[in-house]
Amino acid sequence: MSEALPDTEARRLAEDARDRVRFEEDALALSDQVYRVARRLVSSPEEAEDLMQEAYARAFRSRRSFTPGTNLRAWLLRILTNLNIDRGRRAQRTPDTQPLEEGDYFLYNKLEETSAAPVTDEDRVVERLSQDDVVSALAAVPHDFRDVLVLVDIGEFSYQEAAQIVDVPIGTVMSRLHRGRRILKSKLAETAVGEA
Amino acid sequence: MIDTSSEIDPCARCEEALQPYLDRELTKAEMAEAERHLDSCTYCRRRYRFEETLRRYVRQAATEEMPPDLKQKLAALRTPL
Numbered sequence: 001m002s003e004a005l006p007d008t009e010a011r012r013l014a015e016d017a018r019d020r021v022r023f024e025e026d027a028l029a030l031s032d033q034v035y036r037v038a039r040r041l042v043s044s045p046e047e048a049e050d051l052m053q054e055a056y057a058r059a060f061r062s063r064r065s066f067t068p069g070t071n072l073r074a075w076l077l078r079i080l081t082n083l084n085i086d087r088g089r090r091a092q093r094t095p096d097t098q099p100l101e102e103g104d105y106f107l108y109n110k111l112e113e114t115s116a117a118p119v120t121d122e123d124r125v126v127e128r129l130s131q132d133d134v135v136s137a138l139a140a141v142p143h144d145f146r147d148v149l150v151l152v153d154i155g156e157f158s159y160q161e162a163a164q165i166v167d168v169p170i171g172t173v174m175s176r177l178h179r180g181r182r183i184l185k186s187k188l189a190e191t192a193v194g195e196a
Numbered sequence: 001m002i003d004t005s006s007e008i009d010p011c012a013r014c015e016e017a018l019q020p021y022l023d024r025e026l027t028k029a030e031m032a033e034a035e036r037h038l039d040s041c042t043y044c045r046r047r048y049r050f051e052e053t054l055r056r057y058v059r060q061a062a063t064e065e066m067p068p069d070l071k072q073k074l075a076a077l078r079t080p081l
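Listed in order, the protein sequences are those of chains A and B.
Per our numbering, residue 1 is the first one in the first sequence, and the count goes up by one each step.
Per our numbering, residue 1 is the first one in the second sequence, and the count goes up by one each step.
Quick caveat, the hints were computed from the structure, so don't treat them as lab data.
It cannot be assumed that every hint is accurate.
[Said to hold, decoys possible] Between beta-carbon pairs, the in silico distance windows are:
| # | chain 1 | residue 1 | chain 2 | residue 2 | range |
| --- | --- | --- | --- | --- | --- |
| 1 | B | Glu65 | A | Asp133 | 29 to 35 angstroms |
| 2 | B | Glu35 | A | Arg18 | 47 to 53 angstroms |
| 3 | B | Thr42 | A | Arg20 | 56 to 62 angstroms |
[Said to hold, decoys possible] So the derived list for chain A, only partly shown, Cβ under 8 angstroms to chain B, looks like this:
| # | residue |
| --- | --- |
| 4 | Arg18 |
| 5 | Tyr35 |
| 6 | Asp50 |
| 7 | Met52 |
| 8 | Val135 |
| 9 | Val168 |
| 10 | Arg179 |
Backbone N, C-alpha and C fix where the C-beta goes; we use that ideal spot for every residue, glycine too.
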C-alpha cells in the first residue's frame, strides 16, 4: 500500500501533463482564428499582437477553469475580450442612444440611387467599396457594437456564443449587432456615396 | 423576435427578418415566411442578396492573417515540461 501511493501520484501527474500539452496544442491550433477576431477588436497589428500574447499567457495559466468538451475558441476569445476591456476601453464607451434611423436596406438603396444604371448585379454594387473603405468603416464603429459585430461577422460565432464571450444577455447582442451593422453601412455609404 | 402583427407592410417585415435570417437565427416558421416573401418579391430578394454579398466582402476585406512570428511567440508561452 505504501508503494501504491507514489505510483498513483505519478500517474496523476503524468495524466495532468498530458492534458496540459493537449490543451496548449489545441489552443495554439486556434490562434489563427483567434487573431482574425483580435485584429479587428483593436486598431493596430501591434496592439493585436500584445493582446494575443496576454490572452494566451492567461489562458495557459487558467487551463483548469476551461471545461473540456466546451467551445475552446469561445473561451479564448472571452479571455481576450475581457483583457481588451480591462485596458481601459470602458471610458470610451458610446451610449446606445445616438440617433440612427436608417433601415437594413439603407446602403443598397443609397448605392442604387447613385448608380447610373439599374442595379442588377449585387457583386458589382459591393465592388464599389474598396477593402480600405471596409476596414476604415469597421474601425469607426464604436467598441461595444464593434465587438459583437466582429465576433459574429468575422469570427462567425452564434448570438449565444457572442453573448457568453462579452458576458451580456443575448438580446443585448442582437441589438448591438443590429445597430453595429447599421452604423457600418452608414459609414460605408458616407465613403461610397459621399453622404450618410 | 419578429413582429408578427398582420398590419405591417410585408417588405418591412422582410427587412426586419434580414439580419436574423442571414445569421440563421430565425425559427423554421419565421424562415419559411421570409422565404415565401422573397420568392415573390424582387425588391427584397435583391437587397437580401446584396446583404449576403456585403457580409462576405466585409469578412474577406477585414481578415488579416496572423504574422508567422507571433505563432512562435505564443508557443513560447507554453508551460515548460
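Which numbered conditions among the earlier hints are violated in the structure presented, ordered from lowest to highest? Hint check: 1, 4, 6, 9, 10 fail, others pass.
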